[in-house]
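Whole structure, please, built from the sequences with the hints as guidance.
These protein sequence lines map, in sequence, to chains A and R. The opening residue of the first sequence carries number 1 in my numbering; numbering runs sequentially from there. The opening residue of the second sequence carries number 1 in my numbering; numbering runs sequentially from there.
Source of the hints: derived by calculation from the structure; they are not laboratory data. Don't take every hint at face value.
[Claimed, not checked] Beta-carbon label-pair distances, calculated as ranges:
1. R:Lys140 / A:Ser6: 33 to 39 angstroms
2. R:Gly48 / A:Trp209: 57 to 63 angstroms
3. R:Leu80 / A:Leu40: 54 to 60 angstroms
4. A:Ala266 / R:Ile318: 44 to 50 angstroms
5. A:Ala266 / R:Lys241: 30 to 36 angstroms
Glycine residues also receive a C-beta, built at the ideal position from the N, C-alpha and C atoms.
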Amino acid sequence: MIKRYSRLYKVLISQFFKVIMQSKVDFLMGLLGFFLTQILGIVFLYLIFDKIELLNGWSFEQLIFIYGFAQIPRGIDHLLTDNIWLVAWRWVISGDIDRYMLRPMNILFQIISEKLQPDALGEILIGCILVAKSISAGVSHITITNVILFFLSIIAGTIIYTSIKLFFASLAFWVKISGPFVQFAYQMADFAKYPTEIYTKSIGFIITWVIPFAFVAYLPASYFLGVENSLGIGAYIIGVEWIIAIILGIISYNMFQKGLTVYESAGN
Amino acid sequence: MITVKNVSKEFVSNKKYPGFKGAIKGLFSNEKVSKVAVDNISFHINKGEIVGYIGSNGAGKSTTIKMMTGILTPTNGECLVNGVNPSKQRKINAQNIGVVFGQRTQLWWDLPLSESFTILKEIYNISDQAYQESMTFLNKILDLYSFFDRPVRTLSLGQRMRADLGAALLHNPKVLYLDEPTIGLDLVVKDNIRKAIKEINEKYQTTVILTTHDIEDIEELCSRIIVIDNGKKIYDGSLEKLKDTYGTKRKVSMEIKQLNAFEGIELSETLGVTPDLCSTRLDVEKNTLEVTFDKNKLQVPQVINAVMSIADVQDIQIQETELAEIVKAIYQHNVAK
Chain A
1 MIKRYSRLYK
11 VLISQFFKVI
21 MQSKVDFLMG
31 LLGFFLTQIL
41 GIVFLYLIFD
51 KIELLNGWSF
61 EQLIFIYGFA
71 QIPRGIDHLL
81 TDNIWLVAWR
91 WVISGDIDRY
101 MLRPMNILFQ
111 IISEKLQPDA
121 LGEILIGCIL
131 VAKSISAGVS
141 HITITNVILF
151 FLSIIAGTII
161 YTSIKLFFAS
171 LAFWVKISGP
181 FVQFAYQMAD
191 FAKYPTEIYT
201 KSIGFIITWV
211 IPFAFVAYLP
221 ASYFLGVENS
231 LGIGAYIIGV
241 EWIIAIILGI
251 ISYNMFQKGL
261 TVYESAGN
Chain R
1 MITVKNVSKE
11 FVSNKKYPGF
21 KGAIKGLFSN
31 EKVSKVAVDN
41 ISFHINKGEI
51 VGYIGSNGAG
61 KSTTIKMMTG
71 ILTPTNGECL
81 VNGVNPSKQR
91 KINAQNIGVV
101 FGQRTQLWWD
111 LPLSESFTIL
121 KEIYNISDQA
131 YQESMTFLNK
141 ILDLYSFFDR
151 PVRTLSLGQR
161 MRADLGAALL
171 HNPKVLYLDE
181 PTIGLDLVVK
191 DNIRKAIKEI
201 NEKYQTTVIL
211 TTHDIEDIEE
221 LCSRIIVIDN
231 GKKIYDGSLE
241 KLKDTYGTKR
251 KVSMEIKQLN
261 AFEGIELSET
271 LGVTPDLCST
281 RLDVEKNTLE
291 VTFDKNKLQV
301 PQVINAVMSI
311 ADVQDIQIQE
321 TELAEIVKAI
331 YQHNVAK
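As structure tokens, then:
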């Protein structure tokens with residue numbers, strides 16, 4: 001099963017590369033645009049961190065660590081599952097889901113394996129640079145446990161990201177276009193780039209327990225930084241992150257499956 | 001092979017009001033409008049049958065097909081295709097069926113056609129040997145290799161339709177659904193597509209369900225037709241029986257020299273029937289008299305005799321009502337039942 005699907009993934013994703021490389025000009029322009037976007041992104045970051053004041057006793061390096069740590073799962077999600085946006089904006093109302101339903105493969109798998117979003121590599125790159133830079137400044141200790149927990153946390157964070165996106169995109173099966181909801185959820189994600197304590201209690205509660213972006217970045221990051229947060233301090237925070245990732249994953253996947261049963265296609 | 005039992009599909013949407021004010025009103029109202037697209041339909045199709053599924057636009061044809069393919073879940077009732085419920089066991093069903101939607105391609109638009117077939121080979125888990133066999137056969141009947149290396153978007157409509165049909169048949173499905181497979185095609189391509197469908201049906205005993213607005217598709221392919229109107233099944237049976245039941249009118253045109261002899265004469269009176277059973281039309285330019293009559297009440301010789309008793313007839317043509325006219329009559333809901 002896993003073997004078959006990984007083979008299919010390879011076949012489908014290589015189609016994507018064949019398409020984008022069909023026109024060399026388009027491909028080179030895309031590459032150029034990609035680098036310009038990334039340079040702009042880095043300049044923008046520099047400007048932000050230049051202006052940032054020290055918050056509640058957080059050091060500059062610690063903030064950079066949280067920010068970079070938040071970018072990595074966001075980037076991975078963006079890289080792998082970007083097509084979910086199209087479900088929210090277009091595919092449900094246009095009836096494009098039809099063709100996936102006619103093939104003997106998992107539908108969500110087909111949707112996400114038709115595209116990679118190269119722009120996301122920049123997000124991941126920036127995230128890694130910031131994390132590396134802050135660690136070299138001594139905000140965290142590199143131990144084997146920490147490295148393992150770091151990767152575990154990033155995987156769980158990616159699952160949380162994708163689940164939230166999928167949940168809101170699935171609403172499209174009922175409301176036809178759910179793009180604005182997904183966009184709203186994504187904007188909530190920006191809150192996760194900074195310590196939750198700097199927000200009011202209600203926002204803190206929402207991004208911890210309702211749309212739990214705090215678990216993607218701030219809460220696990222503060223564990224690595226050795227700072228106590230609202231949940232205390234300890235490796236169990238990564239465990240809680242995983243529990244939340246699994247619960248959210250199940251909820252949003254079921255939401256998507258339920259949505260397929262009310263899918264109305266489009267008239268000819 | 002296919003059993004459809006009391007299947008209904010209802011689409012529910014929020015009530016919409018006209019204009020900008022209406023749009024705002026619609027935001028706050030909770031009124032729902034429901035539209036029954038398919039209303040309690042049942043039928044059974046045997047292996048190897050080619051069934052024409054016809055009805056006017058919006059009659060519920062595509063909705064029924066989409067329920068049988070697993071795209072839509074029926075509101076009520078149940079479909080079984082080869083023993084599988086398509087909406088509950090979608091993946092198993094997908095392996096058994098092939099689908100062509102005439103107005104929407106299933107192929108990878110920007111890639112050469114050959115790539116689409118390579119991907120489909122993987123998707124349907126087709127062995128190399130089975131793939132070779134399928135391709136040889138499909139190329140023979142659809143001539144796919146003549147445009148195999150071209151991107152799908154550059155294909156003509158006729159080529160694209162052949163490609164789509166080939167793609168739907170690659171995994172040798174037990175059931176083939178064709179939703180308007182000949183729409184927009186020229187006569188030669190239409191003919192080729194029909195021949196291909198026939199050959200596949202004969203070779204593999206593939207069950208075919210076909211929706212179309214093209215009467216020739218039905219006359220050439222279908223041994224059985226199902227007519228649907230306003231979501232309800234109104235006819236299910238052979239083509240001949242449909243013609244017998246609904247095609248009660250017969251037309252005889254006669255070429256006559258002294259056409260003016262018929263002015264002021266009611267042929268129905270001469271024949272002793274009411275005017276709605278027999279009507280005439282004079283064409284002065286072509287010197288013809290057209291008599292349309294109910295074939296259950298009058299015989300052709302009777303009509304010809306009556307005409308010949310008035311004037312000399314030089315030529316006679318007898319026409320059965322064409323299927324096109326029957327279907328038109330059904331669509332316009334004015335069928336004499």
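These are the hints, each one checked on the structure:
For the hinted restraint 33 to 39 angstroms between R:Lys140 and A:Ser6, the CB-CB distance of approximately 35 angstroms keeps it satisfied. The supplied range of 57 to 63 angstroms is met by R:Gly48 and A:Trp209, whose beta-carbon atoms lie about 59 angstroms from each other. Our hint of 54 to 60 angstroms for R:Leu80 and A:Leu40 holds, since their Cβ atoms are close to 57 angstroms apart. Take A:Ala266 and R:Ile318: their Cβ atoms lie about 46 angstroms apart, and the range 44 to 50 angstroms holds.
Take A:Ala266 and R:Lys241: their Cβ atoms lie about 35 angstroms apart, and the range 30 to 36 angstroms holds.
This entry satisfies every hint, going by the numbered hints stated previously.
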